[in-house]
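Peer 1: Chains as they are written, first to last, in this note's numbering: chain A, 3 to 222; chain B, 3 to 222; chain C, 1450 to 1666; chain D, 1450 to 1666.
Keep in mind that the hints are not guaranteed to be accurate.
No farther apart than 25 Å at their CA atoms in a straight line, the calculated lysine to any residue pairs in the SDA-like style are these [stated by the list, open to error]:
(1) D:Lys-1584 - B:Arg-42
(2) B:Lys-149 - B:Glu-93
(3) D:Lys-1595 - D:Ile-1474
(4) B:Lys-140 - A:Thr-203
(5) B:Lys-132 - D:Val-1611
Short, incomplete list of chain B residues facing chain A, as computed with Cβ under 8 Å [claimed, not checked]:
(6) Ile-7
(7) Leu-9
(8) Gly-117
(9) Pro-121
(10) Val-124
(11) Gly-125
(12) Val-135
(13) Ala-169
(14) Pro-201
Residues from chain D that keep clear of chain A, each with C-beta distances beyond 10 Å, as calculated [claimed, not checked]:
(15) Leu-1479
(16) Pro-1566
(17) Thr-1627
(18) Glu-1650
(19) Leu-1653
To be clear, the hints were calculated from the coordinates, so they are not data collected in a lab. Just so it is clear, CB atoms sit at the ideal spot from N, CA and C, and this is done for glycine as well.
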Amino acid sequence: MKKLIPLADAVALIPDGASLLIGGFMAVGSPHRVIDELVRQRKRDLTVIGNDTARPGQGIGKLVVEKLVRKVITSHIGLNPETQRQMITGEIEMELVPQGTLAERIRAGGVGLGGVLTPTGVGTTVEEGKQTVEIDGKTFLLELPIKADFALIGAKQADYYGNLTYALTARNFNPLMAMAATTVIAEAEDIVPLGCIPPDTVVTPSILVDHVIAQEKRHG
Amino acid sequence: MKKLIPLADAVALIPDGASLLIGGFMAVGSPHRVIDELVRQRKRDLTVIGNDTARPGQGIGKLVVEKLVRKVITSHIGLNPETQRQMITGEIEMELVPQGTLAERIRAGGVGLGGVLTPTGVGTTVEEGKQTVEIDGKTFLLELPIKADFALIGAKQADYYGNLTYALTARNFNPLMAMAATTVIAEAEDIVPLGCIPPDTVVTPSILVDHVIAQEKRHG
Amino acid sequence: MDEKTLIAKRVALELADGDLVNLGIGLPTLVARYIPAGRHVFFQSENGIVGMSGPIAGAENPDLTDAGGNPISALPGAASFDSAMSFGLIRGGHLDITVLGGLQVDEEGRLANWMVPGKMVPGMGGAMDLVTGAKRVIVAMQHSAKGESKIVKRCTLPLTSVRRVSLVVTDMAVIEPTEKGLVLREVAPGVSVQDVLKATEAELIVPANVPEMALAA
Amino acid sequence: MDEKTLIAKRVALELADGDLVNLGIGLPTLVARYIPAGRHVFFQSENGIVGMSGPIAGAENPDLTDAGGNPISALPGAASFDSAMSFGLIRGGHLDITVLGGLQVDEEGRLANWMVPGKMVPGMGGAMDLVTGAKRVIVAMQHSAKGESKIVKRCTLPLTSVRRVSLVVTDMAVIEPTEKGLVLREVAPGVSVQDVLKATEAELIVPANVPEMALAA
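Same shape as in the complex, but just chain A (with noise of 0.2 Å):
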């Protein structure tokens, strides 16, 4: 259980200036906890790479309200004005990514790949910049791994080593983050003995996590 960790000790690891693999698709599956003491420690010139910046009030939209990002990688601020005034205002560095090549770059970090030929962008703006492989006659973008200092991930389900599962359209970007960075924290809305998450079930073995956020009290 050496593995659990109250949320502020958690978020006091992060140093300003890291950057963060922060799970969830518009907020939902992202670890709320852990943004919200982001905010109240007030950390500060962040990277973050998430699929979005949801709603200005809402998961990852808190920080950029905030003002504690300076750069984003991201596939989708339409929902998020805030975003997208200051990337005009030049507040925050945007890099906009695929969806799938995004989530294929984290992976790939993930996994020890040197990066990812995708068709995704070939012939767009995406291309700009970036080395083109030709492979049996069509073309692909040879796009870069994403690894970062911390994942910050939210799941349904811990154990005690740190285990993970997930609920429905909430999975998406988390298993393949817990992959992709030199330290990963999980919050997990219930955490369960050993055992009750059956190995088949596991979406991310503990070894991944280093740390899960303890659980206040909340009983009565």
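Model the placement of chains B, C and D on the given structure of chain A, informed by the hints.
Peer 2: Below, chains B, C and D alone, put in the same frame as chain A:
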């Protein structure tokens, strides 16, 4: 339930000379009934892609012993002396692939990537004849995707649509192969009603599976 | 019938029994309502599920939404998965049809639908993967916006993909991009071929017979 | 104590609490028996499980085997997964230690262990990925075979990887490949430095103090 098909009819779909992705690892998780039926129908000149060729009387090893195999793409044949013998005499053409590379090549075929950039095999005989790519000062081999005419899948459970689950180490290459073939035939220990496999527990979504082998009567 | 309903009812006819289909946010979502009886279509939401269905009031689940973050439900036989698998289905050629909105389609059949430089930069989300990977790409959009044709000679907005889309369904017409150019396949009820030509910037190839759109019930 | 047990007991000391470890088939498998008390080590089997343990008679399950196809068991907290994930753990740098058998290790610390041309072509299985990807690579092997040193100047057999392995543990010595060459770190009980040098084809760097191997209980 349109996907349920009698064993003999499913195997009759496979022509001589077909390329087959066959799930399993030392015959654990292989589609045993389908393999037996391939032998019974004497399908010839097969190209078999699988982790290994098991032992002579076992799993893929049965196809080898019956001399139905023209070419094998695999990572390990050390426990099947008959495969080694046929390789040495030239009866079987052999492509040996590192196991992790084999998994990624099949996955790349299934998910539409142009290739795999792996550090595995650099500077060894595996590199021969392959393109290398320098990324960030490191060298990677460009390994090509693998697809096949058929994937023959061994599953634990299938539901009426063809959603699949696997058990423990019998999962291995099966879910990867189910993405990488023109036609996917799955054999399951049990077939259960829709809804018996919760969405989070499904490993291979039904839309990847073309045919599920019908059960034989086995009550009483 | 309003224009969006018309478009949705026409697109619905393209969806065959057993198809795996991804509907973009907005207009394309309407298509699900008009699937002809007896056809079972599997709907994917790219945030990680196959087998999604419309929301059920009172049964909303914070862990179950569409790609826009709105509540959905799921049918028996649904499967959920991570984003790499979701786009593996899309990029790997397992998705039969994607229905997407559009800003422009040009004479080469290329779609622009993800940004207006200097104005709107939502990001491409899953659109580039969908247009690149789906077996068939159907664009569902208004024929014109603010009096200007969205079917243009050459896209002035950044492309979503260089891949030629399969079909364009608007409130005025059904147009099929081909190697030879844009072919006018059908016209909407009450719309003439002349009306379509007048409202279209791009050159259209007009076959001898251009029937009226069939529509789902 | 036989030679294999000796090697296994020495290697066992390298495994730290919380480590993820992959043991090759054969000699390396013995290591699991000698993990010092109080250390919890997670064992991976590359066919798709973390948390494997030895077989339990009467509880064998045809769906639960090691990479050699032999029955194993699993501990509470085990996780199973597909081959892409399994090798993602290995190649991605998540595996702390791999313990592998060897045919040759040379002065550059390179391992050959997957084939003998013209004689034995088992295939590399997972060995190339393991040696390329693990944080630490420990080779556990006999010092000599048929009177010939397996610690050689330059591998004559095909390499498993160009990566320098971390440690070589034999029945005679513990040798650490470094940038400067092979350093003799420890000798087995009853074996002298001279004995090791005589039995070794490769040049060894011999520090002033070469202690006797410590061994797990």
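Peer 1: All hints are to be evaluated individually against the structure, with a verdict given for each.
Peer 2: Tested hints:
For the given pair, Lys-1584 (chain D) sits about 47 Å from Arg-42 (chain B) by alpha-carbon distance, which is inconsistent with the 25 Å threshold. In summary, the hint linking Lys-149 (chain B) to Glu-93 (chain B) is supported, as the alpha carbons are separated by about 23 Å, within the 25 Å threshold. The hinted pair formed by Lys-1595 (chain D) and Ile-1474 (chain D) meets the criterion: a straight-line CA distance of about 21 Å does not exceed 25 Å. A hinted pair counts as satisfied when its Cα atoms are at most 25 Å apart, and Lys-140 (chain B) with Thr-203 (chain A) does not qualify at roughly 36 Å.
With a CA separation close to 17 Å, the supplied pair Lys-132 (chain B) and Val-1611 (chain D) stays within the 25 Å bound. Among the interface hints, the one on Ile-7 (chain B) is violated; its C-beta lies about 26 Å from the nearest C-beta in chain A, farther than the 8 Å criterion. Contact between Leu-9 (chain B) and chain A, as hinted, is not supported at the beta carbon level, the nearest pair being about 26 Å apart and thus beyond 8 Å. Hint status for Gly-117 (chain B): holds, given a least beta-carbon distance of 5 Å to chain A, under 8 Å.
This hint holds: Pro-121 (chain B) has a C-beta 7 Å from the nearest C-beta of chain A, less than the 8 Å allowed. Contact between Val-124 (chain B) and chain A, as hinted, is not supported at the beta carbon level, the nearest pair being about 10 Å apart and thus beyond 8 Å. Hint status for Gly-125 (chain B) relative to chain A: violated, with the closest Cβ pair at about 15 Å, above 8 Å. Given the 8 Å rule on beta carbons, the hint for Val-135 (chain B) holds: about 7 Å separates it from the nearest Cβ of chain A.
At its closest, the beta carbon of Ala-169 (chain B) sits 6 Å from a beta carbon of chain A; the interface hint therefore holds under the 8 Å criterion. Because the smallest distance between the Cβ of Pro-201 (chain B) and any Cβ of chain A comes to about 6 Å, under 8 Å, the interface hint for this residue holds. Distance check for Leu-1479 (chain D) against chain A: the nearest CB is about 22 Å away, which clears 10 Å, and the non-interface claim stands. Every beta carbon of chain A lies more than 10 Å from that of Pro-1566 (chain D), the smallest distance being close to 29 Å; the non-interface claim holds.
The Cβ of Thr-1627 (chain D) sits about 24 Å from the closest Cβ of chain A, beyond the 10 Å cut-off, so the non-interface label holds. Interface exclusion of Glu-1650 (chain D) from chain A stands, the closest Cβ pair being 33 Å apart, more than 10 Å. At the 10 Å boundary, the C-beta of Leu-1653 (chain D) stays outside the reach of chain A, the nearest C-beta of that chain being 32 Å off.
Checked against the numbered hints above, the structure violates hints 1, 4, 6, 7, 10, 11; every other hint is satisfied.
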